[in-house]
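S.K.: Each chain, letter by letter, is given below.
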Amino acid sequence: MLREITLGQYYQTDSVIHRLDPRVKLVATMLFIASLFIVDNWIGYLLGGGFLFGIIKLSKVPFRFMVKGMKSLAMLLLIALIFNLFLTPGEPLLSFWGLSITKEGVIQASMMTIRLVFLIIGSSIMTLTTTPNHLTDGLEKLLSPLKIFHVPVHETAMMMSIALRFIPILLEETDKIMKAQMARGADFESGSLIRKVRAMVPLLVPLFLSAFRRANDLAMAMEARCYRGGEHRTKMKPLVYRKEDRIAYLILVVYLTASICLGRIFL
Amino acid sequence: MAIILNHVGYIYEKGTAMETCALKDVNLVIPDGQFIGLIGHTGSGKSTLVQLLNGLEQPDSGNVYYNGEDIHEADYDKKALRSRVGLVFQYPEHQLFEMDVFSDVCFGPKNMGLNRKECELRAYTALKQVGVEDEYFYQSPFDLSGGQKRRVAIAGVLAMKPEVLILDEPTAGLDPRGRDDILNLIASIRKETGITIILVSHSMEDVARYVERIIVMNQGEVMYDDTPAKVFAHAQELEQVGLAAPQVTYILKKLEKKGIPVKTDAITVEEARDAILQVLRKG
Ligand SMILES: Nc1ncnc2c1ncn2[C@@H]1O[C@H](COP(=O)(O)OP(=O)(O)OP(=O)(O)O)[C@@H](O)[C@H]1O
Ligand SMILES: [Mg+2]
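Residue numbers (the working numbering), protein chains in the order written: chain A, 5 to 271; chain B, 22 to 304.
A portion of the hints provided could be inaccurate.
Simulated crosslink set (PhoX-like; lysine-lysine; CA at most 20 Å straight-line) [what the hints assert, rightly or not]:
| hint | chain 1 | residue 1 | chain 2 | residue 2 |
| --- | --- | --- | --- | --- |
| 1 | B | K99 | A | K200 |
| 2 | B | K149 | B | K170 |
| 3 | B | K182 | B | K99 |
| 4 | A | K151 | A | K239 |
| 5 | B | K182 | B | K212 |
| 6 | B | K275 | B | K251 |
| 7 | B | K45 | B | K35 |
| 8 | B | K35 | A | K75 |
| 9 | A | K200 | A | K183 |
| 10 | B | K251 | B | K274 |
| 11 | A | K200 | B | K100 |
| 12 | B | K284 | B | K274 |
| 13 | A | K72 | B | K35 |
| 14 | B | K251 | B | K284 |
| 15 | B | K278 | B | K303 |
| 16 | B | K182 | A | K183 |
| 17 | B | K100 | B | K182 |
| 18 | A | K183 | B | K100 |
| 19 | B | K149 | B | K212 |
| 20 | A | K183 | B | K170 |
| 21 | B | K182 | B | K138 |
| 22 | A | K183 | B | K99 |
| 23 | A | K64 | B | K35 |
| 24 | B | K212 | B | K251 |
Read the hints as simulated data drawn from the structure, not as lab findings.
Use the sequences and the hints to build the structure in full.
M.R.: So, in structure tokens, the structure goes:
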């Protein structure tokens, strides 16, 4: 049941995208999201969709797997869609109960939905193809210039990587605890809201205890190995750009230029 | 009446790159009142199998029947099933949550919709059954030792008065004394109540002296399903899958090899002693 949540999870396989430097993927994701907000015509979206499609194919992550992860966000999408549909002023197409759907609303709503869907898929490709460790490594390296201003880049990256590493562990733990309580007749699904919230207690207490226990163990293990933060710390596998990474940057520049030219300036 | 597994298969993370086939074509009949040891190397599918028996997991192929009814039919009452087929998980930390031991044990009966008096009565009986003294009743379950936590966890399931009791590695992480205590406890529960018991373990030695039937799992398949003596006759094959027969079995086999005509089907130290004495008396 909880194993269904795929958002933010890593999908293990070997592909060009998986092997890319995490910095490339971080930059690409940010620029891709930016491009979605730059373009405002159909050609731009078509281009974005094509780009995304290509990446999905290259990443070898089954499309089904991505969509499954999006289910949890379907509600959010629906709300955004409805708001845009009804609340955009303009030429009315259809009216009932004092509400009206306008032509501008339809356009706005569909653009918004496409943007959000692309945004979600785009960022989930990044997390699906990059291990949390790689991701934070990349982030740390990208942000390392900020160290001049005494921003604790390393520590922040370390905290992020620990948090990300704990997500699947805690999900698995939740699954086990739920089963253990269901074996004693606990019911997490039916009943009123208050009942459902109360039913969470037998789940949350063991979960929190276990999270604290794990955090404590981890802190102890890190201290036992003399971890002291980022000062003078070297990497076992330092990040270096390779040929594929440069090619990827080039493709990215081409895509970005194309989407600005076609999606904004012309037409 | 019994539990019947008919060509059961189970796959984790179906349709992804991490797909693991945890069970393959498992066929079993578990009649009422049997004391069974379910044994297998780590990752052989023991935990998966027992979770199918009370409907926590649904098989990807095949059927599970309890008392002649398919438990995965849409209208089958799974909640009722779980009070009849009680499952105690490997780690008591996964289920203890109440402020005190007594209320924690009440959780199961309460979920069955019993009234407060009945719940408390059952909790009391169950705690007594597993040998938890009164002085612990109102302590926090988190302050108990590993062995005591496990007893409380077992009591939490026993309080539902199950017809089948399944224990997933109840001795993991205990010292030899704690292990023997828990195993003796399970044997005494069985003697008192006569319910079906399935004991999951990866140690032959542990279960050999208690159970009447051993099911050996290997890579998701049932490898042997027989009486302990007959299963241990395959000591060599067992070793190949990372298991071992009890140590006395090896001693007796060595004696036999040396030309001493002992019977080699002994499982416990006592039986081995008798077998050797028998030869000595004859000679
Ligand atoms: N939640 C899960 N997600 C994915 N795979 C799993 C999950 N649980 C178990 N597996 C896999 O299924 C197989 C059988 O696991 P199972 O837990 O049933 O083994 P086991 O015999 O109980 O092992 P152990 O003695 O270690 O408890 C293993 O290969 C395991 O990796
Ligand atoms: Mg197990």
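S.K.: A separate judgement is required for each hint: does it hold in the structure or not?
M.R.: Hint by hint, here is what the structure shows:
Simply put, K99(B) and K200(A) have alpha-carbon atoms about 18 Å apart, close enough for the 20 Å limit, and the pair holds. This hinted pair checks out: K149(B) and K170(B) have alpha carbons roughly 14 Å apart, not beyond 20 Å. As the CA atoms of K182(B) and K99(B) are separated by approximately 16 Å, the hinted pair is consistent with the 20 Å bound. For the proposed pair K151(A) and K239(A), the alpha carbon gap of about 17 Å is at most 20 Å, so the pair holds.
This hinted pair checks out: K182(B) and K212(B) have alpha carbons roughly 15 Å apart, not beyond 20 Å. At most 20 Å may separate the alpha-carbon atoms for a hinted pair to count; K275(B) and K251(B) meet this at roughly 18 Å. For the hint pairing K45(B) with K35(B), the CA-to-CA distance comes to about 14 Å; that is within 20 Å, so the pair holds. Simply put, K35(B) and K75(A) have alpha-carbon atoms about 18 Å apart, close enough for the 20 Å limit, and the pair holds.
Restraint check for K200(A) and K183(A): the C-alpha separation of about 16 Å stays at or below 20 Å, so the hint holds. About 14 Å separates the Cα atoms of K251(B) and K274(B), which keeps this hinted pair within 20 Å; it holds. A hinted pair counts as satisfied when its Cα atoms are at most 20 Å apart, and K200(A) with K100(B) qualifies at roughly 16 Å. Of the supplied pair hints, the one linking K284(B) and K274(B) holds, its CA atoms being roughly 9 Å apart against a limit of 20 Å.
Under the criterion of a C-alpha separation no larger than 20 Å, the hint pairing K72(A) with K35(B) is consistent with the structure, at around 13 Å. Distance check on the hinted pair: K251(B) and K284(B) sit about 13 Å apart at the alpha-carbon level, within 20 Å; holds. This hinted pair checks out: K278(B) and K303(B) have alpha carbons roughly 18 Å apart, not beyond 20 Å. Distance check on the hinted pair: K182(B) and K183(A) sit about 19 Å apart at the alpha-carbon level, within 20 Å; holds.
A hinted pair counts as satisfied when its Cα atoms are at most 20 Å apart, and K100(B) with K182(B) qualifies at roughly 14 Å. For the proposed pair K183(A) and K100(B), the alpha carbon gap of about 12 Å is at most 20 Å, so the pair holds. A hinted pair counts as satisfied when its Cα atoms are at most 20 Å apart, and K149(B) with K212(B) qualifies at roughly 15 Å. Pair hint K183(A) plus K170(B) holds up; C-alpha atoms about 18 Å apart against a cutoff of 20 Å.
Note on K182(B) and K138(B): the hinted pairing holds, with a Cα-Cα distance of about 15 Å set against a maximum of 20 Å. For the proposed pair K183(A) and K99(B), the alpha carbon gap of about 13 Å is at most 20 Å, so the pair holds. A C-alpha spacing of about 16 Å is found between K64(A) and K35(B), which places the hinted pair at or below 20 Å, so the restraint holds. Of the pairs offered as hints, the one joining K212(B) and K251(B) is violated, with about 24 Å between alpha carbons and a cut-off of 20 Å exceeded.
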